[in-house]
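Listed below are the residues making up each chain.
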Amino acid sequence: MPSVSATRTVVSRRLIVGLEIHVELATRSKMFTRAPNLAHPENFDAAPNSVVDPVVLALPGTLPVMNREAVEMSILVGMALHCQIARHSKWDRKNYFYPDLPKGYQISQYDQPLCGEGSHALASGKRIGIIRAHLEEDTGKLGHELPGGLPADGSLVDFNRAGTPLLEIVTAPDFESADEVVAFAEELRDLCRFLGVTEGILQRGHMRFEPNVNLALVLDDGSEVRTPVVEVKNLNSFRAVRGAIEHEAIRQEAEWMQTGRVMGPGAKSTRGWDDVALETVLQREKEDAHDYRYFPDPDLVGVEVDDAWLDRLRARMPSRPDELRARFAGWGLTEKDIRQLLDDPALSRWLREAHGASSGTDGDGYSLTKLLLNNVMKLANGRGCGPVDLGFTAAQAAGVVALRQTDAIGAQSVDALLEAMCGTPETPREVAVRLGVLQVRDDSALDAWVEAAITGNPQAAADVRGGKLAAIGRLVGAVMKESGGRANAKDAQARLLERLKATP
Amino acid sequence: MSAGGGSAATPLGSDLVDLRDKIASRAISSEAATRATLDRAEQLNPTLNAFHELHAERSLERARAIDARIARGELVGPLAGVPIAIKDNIVTSWGTTTCSSKILQGFKSPYDATIVARLESAGAILFGKTNMDEFAMGSSGETCAWGPVRNPWDTTRVPGGSSAGSAAAVAAGICHAALGSDTGGSIRQPAAFSALVGLKPTYGRVSRYGLVAFGSSLDQIGPLTRSVRDAALVHSVMAGHDHRDSTSAIEPTGDPVGACDARAADPASLKGLRVGIPSQYLTGNHPGVDALFARARAQLHGHGATLVEVELPLTEVGISTYYVIAPAEACSNLARYDGIRYGHRTAKPGDLFDLYARSRSEGFGTEVKRRIMLGTYVLSSGYYDAYYRRALQVRRLIKQEFDTAFAKCDVILGPTAPTPAFRIGSVQDPVTMYMNDVYTVNANIAGICAVSLYGGMVKDASGGGESGAGSGTASPDLPIGVQLQAPAFQEPRLLAIACAFESMIGRAPVAPISHLS
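Residue numbers (my numbering), protein chains in the order written: chain A, 741 to 1244; chain B, 48 to 564.
Bear in mind the hints are in silico, worked out from the structure with no lab data behind them. Among these hints, one or two may not hold up.
Unchecked claim - Pulled a few chain A residues facing chain B out of the computed Cβ check, cut under 10 Å: (1) D793; (2) P794; (3) V795; (4) A798; (5) L799; (6) T802; (7) V805; (8) M806; (9) F837; (10) L841; (11) G844; (12) Y845.
The beta carbon of each residue, even a glycine, is placed where N, CA and C say it ideally should be.
Same shape as in the complex, but just chain A (with noise of 0.2 Å):
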């Protein structure tokens, strides 16, 4: 029979996209078991089969514990993609033999996922459908050559990754462009670094993306016709993710003007991506081949997820990156600054909770935004350590602002006044009372500061009578320096002015 594509042309083509997002969560300790987890910052560079214990190599009579942390986590990205989260959920084997796969199953969730449908809205506006987000165990890792690149005598084994927390993210196939594909990957390595989920360093496989592609043909006749999905496994790079895209649109095009191949059951197939040669490559047909038996794991018992733990999580729950960044510009932030801020998730959180401490303007929000890139972070640089770590918290901070804001304290004492807190348990006002720059508003100091400007600086003083206003602010800073900084400058301006019956 003659292929519809040898007959036909191709009039207009739709590019249709699902993706599924594999995160390693950074717990401190493995999905099933207390041995350290390599996702976890502290573990990054362990020696191979290192972080292993007798539950992750699967070692006779050994049984898995859950990890209430990992499942928080999992819980927090899905209230962020604005996921139903199961209020009973249940843990699943997946059977199959590999070298990598030391039970022989891997402890995944089957048909009652810990999230299911959710959105998420593209900062474009369009919004991405989620169809669930499951809770799995990662394998560990086959090898072929020796740690130091010599080659290895028949394949390694290395079970540092066995058991590390992954969460399975699935879209809906809403995606038309490589470009959409490769925003949402962005926004939700952004969100759940912001959640503090994971580090989401794409090169140690913190993110692992493997997108569904077909393509929908318009052809000359008006029909439509689609091309097979191919899954792309294992991309780990934004890059990877937009090559693979882009190629796959083409080849499959090409390759059903060749084949006339359509989707159907069973023409689902599998495919790599070659960074090198920028191209994808078959790896195996016939996906639905496969029979993993699952069955609910008789060693776990289900997850019951009642209101009062949600409300826990909902009150650690952080803001989203999108909603920060409507915030910050409500603040009146510049591009610039707002960039900084979502960049560092701990300037976020530092920022929400000062914010949090004071009275909650948006005024108030610009100026802890300054004193957090100004002069806090300038401390956090010197000392070589994060904004968190100064020793004083940002309800402290914000207490700092205060003062500013009511002129207690002058411009000039903030740097001081912010070193001067580290470590201290005292309120931002206590310390400055202690330094001795809380501004004196007490009028028969502020005269005795005044008379001894003026009498200090006479020509100044004449100038000033004179009319030429200018001068003022010699007289002005005489003031601070006999004050010892204390003096407020505007208070100290208006009563130099009415001393010298001047106006300015």
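Got chain A; can you put chain B on it based on the hints?
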């Protein structure tokens, strides 16, 4: 022969509590008791094949340490100095743990099972690992890769299984207690075939961490002993929550030892007890089993217990249900024996698939392979709903059936097994073999607790496990067992009733082989 009569002369005392007290009062040293145990095990093992390994040096060293602590007047645990044998599917950081399978030949565990740590901290001397049906799959001790285990009552017969070596060791007077595991009757049926007490605790009562998994939703560890009080003591040391086993229960254990006091042991305590008798337990048994079951009922009635008729119509369906659920779990549990990380690996694999196929074909025995295939089949897509899902539904019904029955009675009484011990090699058909567990599997399926007790002696000339086909040779008397089942987490009450029952029937005689010396 009366209780303990034959063993009074041995250095081991009459039972475990007796020996424990003698060691504590320094009437006998733990070292002497341990040495006597090891000697007797060495002497009888060529006949019985009860042990895969004895750990003489380590246990004697520990025994001496216990003796020293007792001599210094230090506080010691409730099992201080007492030799106890453990089934070879419970991992120990010393010796090997093989599950009587070639695939685990020489396997050394780097860690101890939770119950091993608990027993040792209570002072028990864990002196050896007992042979069993391979991976606990069997009801006769014949699937052991190291040869069949023999019954001390008649060495041409099986001791029951799968805790075969544990039963043989205690029945032969080598030790007073041995640990078994029970997935469908593997403690209770060998206890019945060997005139012992065998306790299958409630699912979740005893930690499974370090028990090599067979059927994860069914497995429990329990003791085989000569007396109910001994069983209660060993059980009480092992019971309780373990954070390493998610399925272990938080429920308090109660006081199983205190429940077995003198008052409980008085048959007068049976007065007013409601004993459920399922009509389904009354037919299809060996005539000797039926006769002793009838005698037990009559005696209970005589002591003032009320016999209540209850219905457990799904009794026989339990076997089919079990042979879907247990193999399904087993095929997955045994996937880890792949020749990659430990255990048997074929000599010269051609490729990865060949490595898996040949390592596993060479390592597993016939019965294990049968169950792996069965389990793989019932979980396969297209068959899952017809078999596995349906079995889980029946499992719920069986639980409900017990709930309904226990609303009318305190315990359910019946035979432990339909026949006495059969001759080695006489049961070739797997389904006939599986029917041995018809009265025991449902306690595992429902997750309740049950205990097998000595029920009396019978004559069995045929020994085929079925009627007919007699061998013609003269047969010695054989013990049969009676089972009491109670609702989940009622071990103290179950054991108290078992104490009274034990006094009513009288303690079992000692197996003839234990007079060998």
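Here is how each hint holds up against the structure:
1. D793: Given a least distance of 9 Å, the restraint on A:D793 holds.
2. P794: holds (5 Å)
3. V795: holds (9 Å)
4. A798: holds (4 Å)
5. L799: holds (7 Å)
6. T802: holds (7 Å)
7. V805: Interface hint status for A:V805: holds (5 Å vs cutoff 10 Å).
8. M806: holds (7 Å)
9. F837: holds (6 Å)
10. L841: holds (9 Å)
11. G844: holds (2 Å)
12. Y845: holds (5 Å)
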